[in-house]
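Novice: Line order of the protein sequences matches chains S and A.
For reference, each letter of the first sequence is one residue, going 0 to 450 in numbering that gives the first Met the number 0.
For reference, each letter of the second sequence is one residue, going 0 to 450 in numbering that gives the first Met the number 0.
Hints are computed from structural coordinates only; laboratory data are not their basis.
Honestly, I wouldn't trust all of these hints.
You can't tell identical chains apart in this list, so a pair holds if it fits in one copy or across any two.
Pairs of lysine-lysine residues, derived as DSSO-like cross-links and limited to a Cα-Cα distance of at most 27 angstroms, are as follows [stated by the list, open to error]:
1) K162 to K190
2) K162 to K194
3) K233 to K162
Since the structure is predicted, the reported quantities are computational estimates derived from the model, not experimental observations.
One letter stands for each residue in the lines below.
Number of protein chains: 2
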Amino acid sequence: MPFARLVLPDVRALLTTAPSELREALDEFHPADLAELLTQLEPGEAAEIVRLIPDELRAEVFEQIPEDLQVSIVTAIPRPEAAHLLDEMAADDRVDLVADLDDETKGQILPLLGIEEARELHALGAYPENTAGGRMTTEFMALREDMTADEAIAHVRAVAEHKETIYYGYVLSPGRELRGVVSLALLVQAKPADKVSAMMETRVVDVRADADQEEVALIIRKYDLLALPVVDEKHRMVGIITVDDILDVASEEATEDIHRLGAVAPMEEPYLRASFWSLLRKRAGWLVLIFVGATFTGTALRHYEGLFEQVPALMLFLPLLISSGGNSGAQSSTLVIRSLALGEIQAAQWFTILWREVRMGLALGVLLGAVGYLRAYLWDADPTVMLTVAVALVGIVLWGCVIGAALPLILRSFNLDPAFASGPFVATFVDVSGIMIYLGVALSMIPNLRA
Amino acid sequence: MPFARLVLPDVRALLTTAPSELREALDEFHPADLAELLTQLEPGEAAEIVRLIPDELRAEVFEQIPEDLQVSIVTAIPRPEAAHLLDEMAADDRVDLVADLDDETKGQILPLLGIEEARELHALGAYPENTAGGRMTTEFMALREDMTADEAIAHVRAVAEHKETIYYGYVLSPGRELRGVVSLALLVQAKPADKVSAMMETRVVDVRADADQEEVALIIRKYDLLALPVVDEKHRMVGIITVDDILDVASEEATEDIHRLGAVAPMEEPYLRASFWSLLRKRAGWLVLIFVGATFTGTALRHYEGLFEQVPALMLFLPLLISSGGNSGAQSSTLVIRSLALGEIQAAQWFTILWREVRMGLALGVLLGAVGYLRAYLWDADPTVMLTVAVALVGIVLWGCVIGAALPLILRSFNLDPAFASGPFVATFVDVSGIMIYLGVALSMIPNLRA
Chain S
0 MPFARLVLPD VRALLTTAPS ELREALDEFH PADLAELLTQ LEPGEAAEIV RLIPDELRAE
60 VFEQIPEDLQ VSIVTAIPRP EAAHLLDEMA ADDRVDLVAD LDDETKGQIL PLLGIEEARE
120 LHALGAYPEN TAGGRMTTEF MALREDMTAD EAIAHVRAVA EHKETIYYGY VLSPGRELRG
180 VVSLALLVQA KPADKVSAMM ETRVVDVRAD ADQEEVALII RKYDLLALPV VDEKHRMVGI
240 ITVDDILDVA SEEATEDIHR LGAVAPMEEP YLRASFWSLL RKRAGWLVLI FVGATFTGTA
300 LRHYEGLFEQ VPALMLFLPL LISSGGNSGA QSSTLVIRSL ALGEIQAAQW FTILWREVRM
360 GLALGVLLGA VGYLRAYLWD ADPTVMLTVA VALVGIVLWG CVIGAALPLI LRSFNLDPAF
420 ASGPFVATFV DVSGIMIYLG VALSMIPNLR A
Chain A
0 MPFARLVLPD VRALLTTAPS ELREALDEFH PADLAELLTQ LEPGEAAEIV RLIPDELRAE
60 VFEQIPEDLQ VSIVTAIPRP EAAHLLDEMA ADDRVDLVAD LDDETKGQIL PLLGIEEARE
120 LHALGAYPEN TAGGRMTTEF MALREDMTAD EAIAHVRAVA EHKETIYYGY VLSPGRELRG
180 VVSLALLVQA KPADKVSAMM ETRVVDVRAD ADQEEVALII RKYDLLALPV VDEKHRMVGI
240 ITVDDILDVA SEEATEDIHR LGAVAPMEEP YLRASFWSLL RKRAGWLVLI FVGATFTGTA
300 LRHYEGLFEQ VPALMLFLPL LISSGGNSGA QSSTLVIRSL ALGEIQAAQW FTILWREVRM
360 GLALGVLLGA VGYLRAYLWD ADPTVMLTVA VALVGIVLWG CVIGAALPLI LRSFNLDPAF
420 ASGPFVATFV DVSGIMIYLG VALSMIPNLR A
């Protein structure tokens, strides 16, 4: 059982009977554990606990709880305390929180912020939340080319407290253009008089402030960085993104893709914290849309209604055949969507991908066709029905693979999220066409059958 | 277009005409870009390029290419060069590579390794690849409690070259027990005579060597660490895992889950690098298994065959109804599987989860039932068929939600991967029971209908 749920009853008891004892106890927790504890409490209790947390830990704990809980707490505590808490937060987290506050609360708290903090808020607020600019903090360590290693380390010591990370120093020109990077490791190992300009790495990997956070995650992962500098359109350095934030981004992006693949609109709150109604909305939208799409299976069947009266055995294989198309399509779309997300393939490689899926669809179709033929044989089906099932399976599975691979590629080429081509969505698409393939094959293979 | 594909033709041309020019050109590349380039080449070409890479970059580049390509290259180049390359690699990457070599190559290369490297290989090789022990490196920085800040920094300078990261120093007892941790940032800011024992953090977050790598990723993410110390059963420190390795782990685990959710057996190679036959195997296994499961839809339909002869309109709604169960089930299983993977929910909370899904299933079922009723009305269906469709939808969607949530929880409580309860798998399970629910409802609601 997670730690936070274990101590929950004790914390609740102390909160009402002996808050000062609780204050002392909280000092012993790791900030991440305290954050986990807060998420297990009612917002009102969480707000009381936040006020009890020692000053030097409070902001660090607060930054790690979900944004909806942050909003409840900031709204619940006295305004000056809220402003003080915001002042102490990292600049990037502060921006995200302020963006979620209602106008009244915002209007009351913002005037109470520190001048420097208000300025940062304004600068960072200009970038959308899911871009490099929205994820960065301005608290990076800047160095000058003409510093010696000794001067640089002295500078690090002087400003370290206010920086998000001091493991990289970024060497800027007087116009704040990014010239190079030097790691603290290198500074520590250098001779005191060595020049920063001589030891800095000039081939710096950076990212534009308007880049998508998914791109940031791919770059940090590829180059094994602890932090990535963010530059504006004139290559002036405006901030950094640290790897711990990117671990969260990578996890959020994977969650978003996984939810989309399961035909659930992405949500930020954990499953059990999301309200019933918000979860219902996230699910109902897609489910109804797919349901309406699936009603076309009825339209297709209506068109061929007479066939089942002539050969009732055809119906026995109907769910089997259409689900086979959906399943092979789900496989293809899953593979293509994940590869696109990881940057392993590009939409421009569509021909290579589709050609591979055509061969794959044929191979899988022949395999399932053989198994289907055998199954029909065991049910004593008529030989022409057996053949119809086998041939239709090849066509349907092939079709499923091609559609499953093509839809995400098409979405990507229109700059939409490929993960909208979820398994259920592809399956519905393939279901309708699968019925037509199946009954089309039946019409051409079974003698005397009339539409 | 990615950088590596852009320079590919030039690199190929230089490789045959002017290798020495190429050697100079390679020096200008970032190691991560060189690694990307190697993955675009044939193994034979890649081996030649690896030999041209400057000595001090070679191992760093080599560590970043996929393991199957590492094996091809090591097997292709002269044995002494291969051994030298292995000597230069990080200990954790070396172990993974050696595990993949065939016995002959291993027998020829291992005797050529350095003594220290061979010893590490032996120590690390004892841990399974996907555990903390299998992912760690032994090259961490150890400090003693009685050191001063100045002595500690001097020690850092002396040993830095051989350490995976020097940003954390781990304070060990004479018996190598983990006592505390101190960051380089803190050492740099301390007064020279400050004692390590006074400034170290004693509440160290660590992990046992036999912990699963997924747990390691959750811990590093929760506590925002750059590196996590790994201890043995006696709390002696044996290694560290760094955050850059964990970014890869998180991405691999997400890929594995996503593939499983799409009913594809997980694979390590990127989609277009995987051979056709290996991909076919990964897909055919699950597809055939699900297909055989889906043949039970035929068995169920056979049981009720007479019903469709009496009321043919029932058939028009069949694919619609069973796909609705599958889709709502896919939503539930996706949500539960992802929440389990993120540690947001535990299998022990099954009652809360299932109760939520029962209410969700009823709400979604009533919604789809209403839409289905309307659709049946527009098709001029018989009123009792309309009611049958609506009532069956409530039952099927409810059943889909419950099964979709229950299957991953059951798998987890047997210590199996919940992601095996993929959308297609759940859908097949729900398809068969959906037919029985539908036709059971029809039998009880349509007068004079006989089984």
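Novice: Next, verify each hint and record whether it holds.
Specialist: Evaluated hints:
Proximity of K162 and K190 under a CA criterion of 27 angstroms is satisfied in both settings, with 24 angstroms inside one chain copy and 19 angstroms between copies. Within a single copy, K162 and K194 get their C-alpha atoms as close as 23 angstroms, and across copies as close as 24 angstroms, so both meet the 27 angstroms cut-off. Taking CA atoms no more than 27 angstroms apart as the test, K233 paired with K162 passes inside one copy only; the shortest distance there is 24 angstroms, against 37 angstroms between copies.
Checked against the numbered hints listed earlier, the structure breaks none of them; every hint is satisfied.
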